[in-house]
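Engineer: If you want the building blocks of each chain, they are given just below.
Protein chains: 2
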Amino acid sequence: MNEKKSPLDIAASLSELWSPRIIGEVDDHYVKVAKLKGTLAWHDHAGEDEMFYILSGCLEMQMADRTVHLGPGEMFVVPRGVQHNPVAEEECLVMLFERKTTRHTGDVATDKTRSIDQQLP
Amino acid sequence: MNEKKSPLDIAASLSELWSPRIIGEVDDHYVKVAKLKGTLAWHDHAGEDEMFYILSGCLEMQMADRTVHLGPGEMFVVPRGVQHNPVAEEECLVMLFERKTTRHTGDVATDKTRSIDQQLP
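As they're listed, the protein sequences go chains A and B. FYI, the numbering for the first sequence is 1 to 121, going by our numbering. FYI, the numbering for the second sequence is 122 to 242, going by our numbering.
A couple of the hints might just be wrong.
Claimed, not checked - So the derived label-pair ranges between C-beta atoms look like this: (1) A:T39 with B:R187: 23 to 31 Å; (2) A:E89 with B:A167: 39 to 47 Å; (3) A:A64 with B:D228: 42 to 50 Å; (4) A:D107 with B:E146: 20 to 28 Å; (5) A:S13 with B:D238: 38 to 46 Å; (6) B:K125 with A:T110: 23 to 31 Å; (7) A:D65 with B:S134: 39 to 47 Å; (8) A:T67 with B:A167: 40 to 48 Å; (9) B:G159 with A:D9: 25 to 33 Å; (10) A:T110 with B:M184: 37 to 45 Å; (11) B:D232 with A:S19: 41 to 49 Å.
Unchecked claim - When the alpha-carbon atoms are kept at most 27 Å apart in a straight line, the in silico DSS-like pairs for lysine-lysine are as follows: (12) A:K5 with B:K158; (13) A:K5 with A:K100; (14) B:K126 with B:K158; (15) B:K233 with B:K158; (16) A:K4 with A:K100; (17) B:K233 with A:K37; (18) B:K126 with A:K100; (19) A:K4 with B:K221; (20) B:K221 with A:K5; (21) B:K125 with A:K5; (22) A:K112 with B:K125; (23) B:K126 with A:K37; (24) A:K4 with B:K158; (25) A:K100 with A:K112; (26) B:K221 with B:K233; (27) A:K100 with A:K37; (28) B:K125 with A:K100; (29) A:K100 with B:K233; (30) A:K37 with A:K112; (31) A:K37 with B:K125; (32) A:K4 with B:K126.
Stated by the list, open to error - Just a few of them, taken from the derived set where beta-carbon distance is under 10 Å, the chain B residues facing chain A: (33) E124; (34) L135; (35) D149; (36) M182; (37) A185; (38) V199; (39) P200; (40) M216.
In short, the hints are calculated from the structure, not lab data. Glycine residues also receive a C-beta, built at the ideal position from the N, C-alpha and C atoms.
Build out the structure end to end from the sequences listed, making use of the hints.
Structural biologist: Here it is, written out as structure tokens:
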């Protein structure tokens with residue numbers, strides 16, 4: 001893992017939507033990238049914060065009490081325990097920082113849900 | 122802290138070189154930005170990895186056995202315990218991801234060294 005990487009290039013190369021790819025580790029956290037389009041699922045991570053950094057495109061982070069609209073180069077941390085649903089009208093490439101234990105869609109399982117093993121390079 | 126942010130814009134607004142600014146937290150890690158030009162100092166972080174993501178410009182990460190040259194949009198994780206010295210010939214804006222306990226220049230103190238308190242927004 002210990003080489004320089006281009007998160008944008010790796011995210012752009014992904015063939016599957018909503019399927020995060022682990023590209024690095026920092027202590028007990030993973031750095032991931034993903035290609036998003038459409039809607040994931042409403043879920044939360046009870047004990048884990050989750051950071052989104054937009055590499056290209058736009059992402060709408062729906063939460064119970066508000067929606068945050070993110071554009072290229074913007075970041076947002078979804079705090080632990082906050083129900084959220086990421087939505088991308090057009091293709092969006094993101095970089096994520098999250099604890100290694102963080103489950104993709106929390107306690108919710110959908111056909112988009114990917115295990116950590118499935119996110120390894 | 123819980124708003125969207127533009128790491129590039131915040132980094133560009135910094136007036137002081139080599140003085141990281143905390144812009145977010147993810148569990149026990151901070152997200153920081155910094156404006157770099159010149160040389161910091163040889164140091165390591167015995168128990169903490171440190172991720173660099175280049176927002177603009179170029180950074181040379183000198184290590185004992187090799188040097189990694191980073192350009193815009195590239196990332197590199199300096200593993201714990203590895204002596205490193207970041208060098209930027211021209212102004213470089215970076216985003217960092219590191220454990221909250223990580224000391225700026227490890228056990229080394231220089232006139233550039235900033236405490237965590239000095240890095241808070």
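Engineer: For each hint given before, does the structure comply? Return the numbers of the non-compliant ones in rising order.
Structural biologist: 1, 7, 17, 29, 34 and 37
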